[in-house]
Amino acid sequence: MESTNTVSIKHLDKIYSNLLKEDTVALKDINLEIKNGEFLSIIGPSGCGKSTLLKVIGGLEKPTRGEIEYLDKENRLGFVFQDSVLLPWKNVRENAEFPLVIQKKQTKENEERLDALLELAGLTEFKTALPRELSGGMKQRVSIVRALSYDAPLLLMDEPFGALDAITRDHMNEELLNIWTQTKKTIVFVTHSIGEAVFLADRVVVMSTRPGTIKEIVPIDLPRPRNSQTRNDPKFGEYTGYLRGIIG
Amino acid sequence: MKKENKLLKILKGAGEYAFSISIFILVWHFYVRWNDVPEYILPSPDKVWVSFVDLFRTGTVWPHLWATTYEVVLGFIIGSLIGMALGYLFTKVEPVKTALMPYLIFLQTAPKIALVPLFVVWFGIGVVSKIILIITMVVFPVLSGMILGLESIPTDVRNLMKVLKATKWQVFSLVEIRYSLPSLFSSFKIGIVQAVIGAIVAEWMSGKQGLGYILTYASSTYEVSMLLAGIVLTIILGIVTYEIINIFENKALYWHESKE
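Just so you know, the protein sequences line up as chains A and B, in that order. Taking this note's numbering, the leading residue of the first sequence gets 1, the next gets one more, and so forth. Taking this note's numbering, the leading residue of the second sequence gets 249, the next gets one more, and so forth.
In short, the hints are calculated from the structure, not lab data. All values reported here derive from a predicted model rather than from experimental measurement. Take the hints with a grain of salt, since some may be wrong.
[Unchecked claim] The list that follows gives simulated cross-link-like pairs (lysine-lysine, PhoX-like), each with its CA atoms no further than 25 angstroms apart:
1. B:257 <-> A:127
2. B:257 <-> B:413
3. A:104 <-> B:413
4. A:73 <-> A:90
5. A:90 <-> A:35
6. A:104 <-> A:127
7. B:499 <-> B:260
8. A:104 <-> B:410
9. A:73 <-> B:340
10. B:340 <-> B:260
11. A:90 <-> B:257
12. B:410 <-> A:73
13. A:35 <-> A:215
14. A:73 <-> B:416
15. A:215 <-> A:235
16. A:104 <-> B:257
17. B:410 <-> A:105
18. A:10 <-> B:410
19. B:499 <-> A:90
20. A:105 <-> B:413
21. A:90 <-> B:260
22. B:416 <-> A:105
23. B:260 <-> A:62
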């Protein structure tokens, strides 16, 4: 029976073997269905394996046991890293265009979509700027546009706003929701900020540490579109309070 | 306006150089004059200048200058290519590194000058033994620069290339080489200076061509003003080749923080 979910993970374990020490169980018996078009946040204390799980989903790490099925048979996905990892010698547009160059997909249609994405991210005026001339928030915007440039259905984000200050971070969250609404991607977003997880997600996956397991999946029933007012909603406070309680 | 500023800066820099060198020449001039230093020990600057001009006026210097430049450029290019290839291989294939590194360390720490007589026996007194000496002097710094450059690439850049399903060639040509350029250029600058030293020393020991030969010839005939003119010429050759690398570096690393 084939799943219609974007990603379906069954009984997944990830164990790091070490000849000298005991094996480290990073992930144990992870079962997770990522629905088409949803915004899923993964949260947990450091060392709970949330980044490892994202890397396994992204194909950067191989699972030790278990299976992952993708709806997209070519397994296309975009990855936004904690650091923007822009190539310092390329300007904003060239960085965003980089995946199209790698995959030899510089069609007129793709180039036009790229320009539209740059516009959406407010980067049109900075197309020819080099990364060293940009602020942290700007760099991360470019990195998000780059991950979206080749129109993969799934976007994986590993604490992308972790290094930004609180005010910039709130802005980026609102912009990300805007981009998500317009592009209709499935997003998996790893964070250690409870407020960020609640603000963004349809569902929040709470992980616990050693071994990394899923403790609970909390659906977030806050109205959309969400904006700066959402954070003042009493229900927003209830969710963050509840999550803080189970993370412990 | 920006361009004018740049020109002004260059002129100012050149002026400072000229000033500093003039002071040095003046001190030299008066030292020789007041102390009656004999010409076969230290000739005055104007005598050196005359010898220097003579070298060019009579045309004797050209084949020598050409020979040394040819050895330096060719040895540097071959040595750099070998260094880069080895550096790449070392970071990609661990066993190769384990197998070859001891020999390279040995070659690097051994006084390579001592190998010149051996090279002469093996490769003759011609240009080949000189170029081989230069290569041995250039390979190691470039190899180190290449390894340092490749290891400086952030893990997530490699992850990005993996997510994008880039081919090995794309990773090499679009990312690895570019990331290695800053440390490669530092090593090229060390390499080119080494190459000039290697060429001059090799020419002292064998053959009848090159600036090194002019130096030994002038020394053995006590023509100290010609010897000093030759030294000045080797210094100029060193500076010019170094500056050429500098120009390439500024073009290639326009994006680097050091060029802001």
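Hints, verified against the model:
For the hint pairing residue 257 of chain B with residue 127 of chain A, the CA-to-CA distance comes to about 30 angstroms; that exceeds 25 angstroms, so the pair is violated. With a C-alpha separation of about 47 angstroms, the suggested pairing of residue 257 of chain B with residue 413 of chain B is violated against the 25 angstroms cut-off. Taking the CA atoms of residue 104 of chain A and residue 413 of chain B, the gap is about 12 angstroms. The hint holds against a cut of 25 angstroms. For a cut-off of 25 angstroms, the pair hint linking residue 73 of chain A to residue 90 of chain A is broken: about 31 angstroms separates their Cα positions.
A hinted pair counts as satisfied when its Cα atoms are at most 25 angstroms apart, and residue 90 of chain A with residue 35 of chain A does not qualify at roughly 35 angstroms. With a C-alpha separation of about 21 angstroms, the suggested pairing of residue 104 of chain A with residue 127 of chain A holds against the 25 angstroms cut-off. Our distance criterion of 25 angstroms between C-alpha atoms is met by residue 499 of chain B and residue 260 of chain B, whose separation comes to about 22 angstroms. Our distance criterion of 25 angstroms between C-alpha atoms is met by residue 104 of chain A and residue 410 of chain B, whose separation comes to about 15 angstroms.
A C-alpha spacing of about 31 angstroms is found between residue 73 of chain A and residue 340 of chain B, which places the hinted pair above 25 angstroms, so the restraint is violated. Distance check on the hinted pair: residue 340 of chain B and residue 260 of chain B sit about 47 angstroms apart at the alpha-carbon level, beyond 25 angstroms; violated. With a C-alpha separation of about 28 angstroms, the suggested pair residue 90 of chain A and residue 257 of chain B falls outside the 25 angstroms cut-off, and the hint is violated. For the given pair, residue 410 of chain B sits about 17 angstroms from residue 73 of chain A by alpha-carbon distance, which is consistent with the 25 angstroms threshold.
Among the hinted pairs, residue 35 of chain A with residue 215 of chain A is consistent with the structure: their alpha-carbon atoms are about 19 angstroms apart, no more than 25 angstroms. Of the supplied pair hints, the one linking residue 73 of chain A and residue 416 of chain B holds, its CA atoms being roughly 23 angstroms apart against a limit of 25 angstroms. This hinted pair checks out: residue 215 of chain A and residue 235 of chain A have alpha carbons roughly 22 angstroms apart, not beyond 25 angstroms. Note on residue 104 of chain A and residue 257 of chain B: the hinted pairing is violated, with a Cα-Cα distance of about 44 angstroms set against a maximum of 25 angstroms.
Restraint check for residue 410 of chain B and residue 105 of chain A: the C-alpha separation of about 17 angstroms stays at or below 25 angstroms, so the hint holds. For the suggested pair residue 10 of chain A and residue 410 of chain B, the alpha carbons sit about 24 angstroms apart, so the restraint of at most 25 angstroms is met. Restraint check for residue 499 of chain B and residue 90 of chain A: the C-alpha separation of about 14 angstroms stays at or below 25 angstroms, so the hint holds. A C-alpha spacing of about 13 angstroms is found between residue 105 of chain A and residue 413 of chain B, which places the hinted pair at or below 25 angstroms, so the restraint holds.
A threshold of 25 angstroms between alpha carbons decides the hint, and for residue 90 of chain A with residue 260 of chain B the separation of about 33 angstroms lies outside it, so the pair is violated. Our distance criterion of 25 angstroms between C-alpha atoms is met by residue 416 of chain B and residue 105 of chain A, whose separation comes to about 18 angstroms. Annotation: proposed proximity of residue 260 of chain B to residue 62 of chain A is violated, straight-line Cα distance about 60 angstroms (limit 25 angstroms).
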